[in-house]
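Those sequence lines, one after another, are chains A and B. The opening residue of the first sequence carries number 222 in my numbering; numbering runs sequentially from there. The opening residue of the second sequence carries number 2 in my numbering; numbering runs sequentially from there.
Source of the hints: derived by calculation from the structure; they are not laboratory data. Misleading hints may appear alongside valid ones.
Derived EDC-like pairs (lysine to aspartate or glutamate); straight-line CA-CA distance at most 20 Å [what the hints assert, rightly or not]:
| no. | chain 1 | residue 1 | chain 2 | residue 2 |
| --- | --- | --- | --- | --- |
| 1 | B | Lys171 | A | Glu278 |
| 2 | B | Lys234 | A | Glu271 |
| 3 | B | Lys237 | A | Asp272 |
| 4 | B | Lys37 | A | Asp354 |
| 5 | A | Lys514 | A | Glu278 |
| 6 | B | Lys237 | A | Glu271 |
| 7 | B | Lys173 | A | Glu377 |
| 8 | A | Lys508 | A | Glu319 |
| 9 | B | Lys173 | A | Glu268 |
| 10 | B | Lys133 | A | Glu268 |
Computed from the model, here is a short list of chain B residues facing chain A with C-beta under 7 Å [to be verified]:
| no. | residue |
| --- | --- |
| 11 | Arg109 |
| 12 | Leu126 |
| 13 | Thr181 |
Label pairs and their computed distance ranges (CB to CB) [as the list claims (entries may be wrong)]:
| no. | chain 1 | residue 1 | chain 2 | residue 2 | range |
| --- | --- | --- | --- | --- | --- |
| 14 | A | Lys508 | B | Pro65 | 34 to 40 Å |
| 15 | B | Leu214 | A | Ala266 | 18 to 24 Å |
| 16 | A | Thr306 | B | Thr200 | 45 to 51 Å |
| 17 | B | Thr222 | A | Ser245 | 35 to 41 Å |
| 18 | A | His255 | B | Glu197 | 27 to 33 Å |
As the structure is a prediction and not an experimental result, all values here were calculated from the model. Ideal Cβ positions, reconstructed from N, Cα and C, are used throughout, including at glycine.
Residues per chain, in single letters:
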Amino acid sequence: MTEILEKKIGYLTAEFPPLTEFFSDYGITFNDLHATLGETLEGLAEEHYEDMGIDREKLLENLDGFLQRITLSEIAEAPTVSEITIIGGHDKNGHPEEIELTLLRGSVTSIVGPTGSGKSRLLADIEWMAQNDTPTGRTIRVNGQKPDPELRFSLEYKLVAQLSQNMNFVMDTTVEEFVFMHAESRMITAIDTLVADIIAQANLLAGEPFTAQTPVTALSGGQSRALMIADTAFLSSSPVVLIDEIENAGIDRKKALSLLVRKEKIVLMATHDPILALMAERRLIIKNGGIQKIVTTTSREKENLIKLEEIDNKFLALRTRLRSGEMLEEL
Amino acid sequence: MLFKSDVIKTMKLVTISGPPSSGKTAVLVNVIKSLKSSGLRAGAVKYDCLATDDDALFRSLGIPVQTGLSGNLCPDHYFVSNIEECLKWGISLNLDLLVSESAGLCNRCSPHIKGVLAVCVIDNLMGVTTPKKIGPMLKFADIVVITKGDIVSQAEREVFAFQVRRANAKAKIMHVNGITGQGASELTSLFLQAPETETLDGGILRFSMPAALCSYCLGETKIGMEHQLGNVKRIKIKQEQP
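Next comes chain B alone, as it looks inside the complex (with noise of 0.2 Å):
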């Protein structure tokens, strides 16, 4: 049981990212479920792309939500230019617990701010070699969360988590079911004991984003070297022996 007095002074932060899919937003509508239910009012600010339905899933929970597309931006960049807006926003609210959830579209994204609460939700159907493949959003984070145990076998469970394990040996690792809610009232515990933040501004990321600024950024569209400036990497193509 949650209650009130024990936890929430002003207002908590919590960053949320993980893979398309992975059950983000269930995780969260499970554990928004269950801050309600211990009569806190939480907000959510949902970060994507091109479009997105999950604010009137928010909705629909009786809490307050704001959504932002970022368009043809990195939407890791684009979290970061606003996530001090939605902050000030919360505050004004009088939530007590804000999630920003992102969604991480290239695995090199790095929304995690130092100090505050970082969640990255990832899934047992991705494979067991996924979590190597997966940059700052999952080895910077102080939990990770794994969905979809459900539906694999407890051998799968095992090793992934054991792969979680070695991408980020300090994380709290735990299994949540979006579907049957199972483990969200164990993590909302976890998100009450977060951090407050007032501010964002002076705030710094636990990570660098991943870097942008070359023709292509600026809307460049045609191919070849020449058209080429700014940050630019090349492959290495490797000779093999037939």
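Chain A with its partners taken away, still in its complex shape (with noise of 0.2 Å):
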């Protein structure tokens, strides 16, 4: 920590430009590029501290988390998940949970279970990396093992990432300028094309087609999903995603799901859709708290998927010549 204020303004903010926005956010712009940080930082009066709301140490603190940030050093050390392991607790009556559930990368489950029965506990339980320290008493593993108790807190190394029915946007910029903004907090580079993929994918989600310019407060219930969905599987760094319904209006769940696999996503579903429920090669039985079973879905549930997504095309069908102005005199 102490080399970096020996080096001179000019060479730090051309080496790592983030930098200059780091220090304007306390204020501090640099004017003399041949001073030293240490120099620059020592000449700030005592006043500007306090006006901004913190010491020198504090500030050398975060500046050293962002470096290691940008320096990709924090990355670096989160280890990859292939996969995870439930140990199953109790149920809210204190009946034991049996069950030792691993889930794979690229696998898809969905759970299914009354409102209250205890599917955001289950979910919880995995992102806390619970060690009977939870009220269900689960233990989660990652990769067969006990994780650090310090990854709890670490941004990368997030478990879940969560997509649900009333989620929003609420920043006021564009799709492009928006996915920028998440690949810059994840210190991507390359952005630019990993920008277009994205937005490209979101399309192919969406029935309806959006641009790079539309202002995300302006997209449709189903154009925002399509966006969430390829936005998080490109680059959210959690393994795990967690979807609270897809709705069926404005996207093919289908392409979302199979992006989502393919990009290597440990896939929950919380769902009571048919189609859904279906698509996922197991599902979950939530009651009382606990997990009451695991079902594989069967081949004869298989041959049903194709049967409801017929139903649900036609249904689709419908509502496009409704939006055209048609009549439905005819089904």
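From the two separate chains plus the hints, produce the assembled complex.
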């Protein structure tokens, strides 16, 4: 840390361009590029620190954390997750949950059960990497091992990315700026092609096309969901993706799932939609706070999935006709 | 599962701050429920400016509550002048844990005390540039709780958390849903690792509070140079090239 204080401002801002923005967060702009960082910080009046609500020590601590991120060391340390194992605890009445379930990358599992049955608790257990220290008594293993407890708080190592029905974009940006900002926060290089890829993929999922210049707040429900899924598939560092119902309209659910699978995500889907549930290889039945049963989707069910999709397509076709002003006297 | 014998000996104090409507009370309600289900005795102190209904909410959970309204004083200054009394009150009731919630009205608030677990609650809806606009209450917190994650996209959550990390490199960042309580039992387990506080006499704030003491602090209402005395700061008007 002391090393960087001896470096010249001109060198630092050329070598690590994000530093300029980092310091502007603290109201610090650089005038003398030949001065060292140490001299510059030394030269700031006590008042400046007081106004910014930070002291020199804390600023350096934050700088250190920021540098670690831009030099990718934090990311490199986080081990890749290839599988997650859920070891059962107990349900709300204390009955043991006799289960040991391993979820592999690229697999799709659906979760069914009434509201309040414990679906979110299961996800929370995975996210927190529970070690028999949550109300369910479950234990989570990552790659077969007990994870380092410090990883619970690491941003780069968050296990679960979440997509739900009531999520919206609140930022006031265009689609392109939005994805760009996300990529930047992940310190990803070659952002431009990635951003274009994500927008192209999202358009494949969405029924109605949108462009890079569309404001995110102007996207329809289906378009938003499509962009969120494509963005999560490409940019989220989390290996597990939880989907809380994908609505029927305006998004190709089959393509959405296969994109996530192709991107090697462990997909968990809380759903009561028969099509989505049968698209998964298996489903967890949750009751009274515990996983009551694990069902593998049978070949008979897979056959029915085809029929269900036919019904669904028919229904979608009716929607399209309705939208274009047709009468529905003939079905 | 939390067990009483595991952790608590004397009372722990936790200070919670955050901008208005960020979800401080909702988060605390869930934490208190989780504490109660582990058989621990919690109490709450709510600092606010003009009025609050939160005391009733805490009371409905069956825990003792104190309310402090700062009126026309800076609520932060009011907090630091009264927190010791509240601590004594909590100890006299034999509480295991006392939470002190204060409203962060000007974003320059600085209610955190050295050696006392400090929590800042902010929400995803504030916009990604907000973390840098929040002063010591975020920058010097030990735990930053981010709420309302259920209504924004995954990408916005990740960008927001990244911005928080930039403003505070060391804090533990937790996502808690104030409505469903998701994340609250995990947050509770961190509260239980808080150091114990026997007295605050001689304690030190982590950072200086927003300064005041000008003629307006003393009740001046007239506008104009000649009426301004004391700690007065001037805006720097920049001459922009058109």
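Okay, the hints, checked on the actual structure:
{"no.": "1", "hint": "B:Lys171 x A:Glu278", "in the structure": "holds (12 Å)"}
{"no.": "2", "hint": "B:Lys234 x A:Glu271", "in the structure": "holds (13 Å)"}
{"no.": "3", "hint": "B:Lys237 x A:Asp272", "in the structure": "holds (14 Å)"}
{"no.": "4", "hint": "B:Lys37 x A:Asp354", "in the structure": "holds (16 Å)"}
{"no.": "5", "hint": "A:Lys514 x A:Glu278", "in the structure": "violated (54 Å)"}
{"no.": "6", "hint": "B:Lys237 x A:Glu271", "in the structure": "holds (17 Å)"}
{"no.": "7", "hint": "B:Lys173 x A:Glu377", "in the structure": "holds (13 Å)"}
{"no.": "8", "hint": "A:Lys508 x A:Glu319", "in the structure": "holds (13 Å)"}
{"no.": "9", "hint": "B:Lys173 x A:Glu268", "in the structure": "violated (28 Å)"}
{"no.": "10", "hint": "B:Lys133 x A:Glu268", "in the structure": "holds (18 Å)"}
{"no.": "11", "hint": "Arg109", "in the structure": "holds (6 Å)"}
{"no.": "12", "hint": "Leu126", "in the structure": "holds (6 Å)"}
{"no.": "13", "hint": "Thr181", "in the structure": "holds (6 Å)"}
{"no.": "14", "hint": "A:Lys508 x B:Pro65: 34 to 40 Å", "in the structure": "holds (38 Å)"}
{"no.": "15", "hint": "B:Leu214 x A:Ala266: 18 to 24 Å", "in the structure": "holds (19 Å)"}
{"no.": "16", "hint": "A:Thr306 x B:Thr200: 45 to 51 Å", "in the structure": "holds (47 Å)"}
{"no.": "17", "hint": "B:Thr222 x A:Ser245: 35 to 41 Å", "in the structure": "holds (37 Å)"}
{"no.": "18", "hint": "A:His255 x B:Glu197: 27 to 33 Å", "in the structure": "violated (51 Å)"}
The structure is inconsistent with the numbered hints 5, 9 and 18, although it conforms to all the rest.
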